[in-house]
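Residues in the sequence shown are numbered from 1 upward in steps of one, following the UniProt record's numbering.
There is no bait here: all hints are sound.
Below, a list of computed lysine-lysine pairs in the DSS-like style, where the Cα atoms sit at most 25 Å apart:
hint: 1; residue 1: Lys36; residue 2: Lys113
hint: 2; residue 1: Lys196; residue 2: Lys182
hint: 3; residue 1: Lys116; residue 2: Lys55
hint: 4; residue 1: Lys91; residue 2: Lys54
hint: 5; residue 1: Lys137; residue 2: Lys105
hint: 6; residue 1: Lys156; residue 2: Lys137
hint: 7; residue 1: Lys151; residue 2: Lys182
Simulated restraints, written as ranges between beta carbons of each label pair:
hint: 8; residue 1: Arg56; residue 2: Phe93; range: 16 to 26 Å
hint: 9; residue 1: Glu131; residue 2: Glu167; range: 20 to 30 Å
hint: 10; residue 1: Glu152; residue 2: Asp58; range: 16 to 26 Å
hint: 11; residue 1: Asn39; residue 2: Glu152; range: 31 to 41 Å
hint: 12; residue 1: Ile198; residue 2: His41; range: 19 to 29 Å
hint: 13; residue 1: Lys116; residue 2: Lys189; range: 36 to 46 Å
hint: 14; residue 1: Gly203; residue 2: Asn34; range: 21 to 31 Å
hint: 15; residue 1: Glu135; residue 2: Gly202; range: 34 to 44 Å
hint: 16; residue 1: Lys196; residue 2: Glu167; range: 12 to 22 Å
hint: 17; residue 1: Asn168; residue 2: Glu27; range: 43 to 53 Å
hint: 18; residue 1: Asp121; residue 2: Val197; range: 24 to 34 Å
hint: 19; residue 1: Tyr128; residue 2: Asp40; range: 31 to 41 Å
hint: 20; residue 1: Glu46; residue 2: Gly193; range: 39 to 49 Å
These are computed hints drawn from the structure, not numbers from a lab.
Quantities reported herein were computed from a predicted structural model and do not represent experimental measurements.
Idealized CB from N, CA, C, for every residue including glycine.
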Amino acid sequence: MKKNKEKKKTQKPDKFEHYYTKNPTSELTTKILNLKLKNDHEYTFEAPSGVYGKKRVDRATIALIENMEMDGRRILDIGCGYGVIGITIKKEFPTTEVFMSDINKRAVDYAGKNAKDNNADIEIRHGYLFEPWEEEKFDMIVSNPPIVAGKEVWMKLVEQSKDHLNENGTLQLVAFHNKGGKRIMEYMKEIFGNSKVIAKDGGVRLYKSVKED
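Full structure from sequences and hints, please.
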C-alpha cells in the first residue's frame, strides 16, 4: 500500500477557518490517503486541508461504507467531503447512479478530482444541504453528518431527506452514539416514524430510517 504523502499549495492562511466553510481561503495542503476495505479492495484519495477527514479516512465513514444496506439504485452522498463514500459506493456497486454534494467548494473540487482519478462516473454539485437537489428524489441518502456544525444542520438534513426520498427510500446516517448520534437516531424516528441501528463499530453506530408513506 502506498504511504500517505502531503503536498503544499500556496493560499492565504486562516487558522480559524472550519471545514463547513462555504468557500475556504486557508492555506491549501493535500494528503494522499489510502482506503482498504474488508474485501481487500483499495482506493486512493487526495484530501485537502479545510475539509473534514484531511488526515485520515475516519472510522465512522469506514463503518458506513462497510455496513450500509443497499436500497435502490439512485444514491445521494450529502456532505460528501472529498468524496470517499460516494466514490466507493460507485466502484463497489457500478450499476448505481451516485450523486454527491457539499457546502464546501474545496471539498466539491476535490470530490470531482477523486472521482475522475478513480474512474467513477458521479454527478457532483456545490451547495447547502438539499439546495442543489431541489427537484430530485433518491432511493437512498447517506451521510456522515457534520455534528460539530450544530444541531440545526443535522436536524435540517433529517427533515429535508424525507422530501427527497422515493417511497420506501432510506436515510442512513453514521455517528458516534455518545457524541450526538443518539440524538440523531431519536430525531430520525420523530421525522420518519422509525429508526434503527443497523451496525455497530465500537462507539460508532449506523442508523437507518425508511420513508414509509
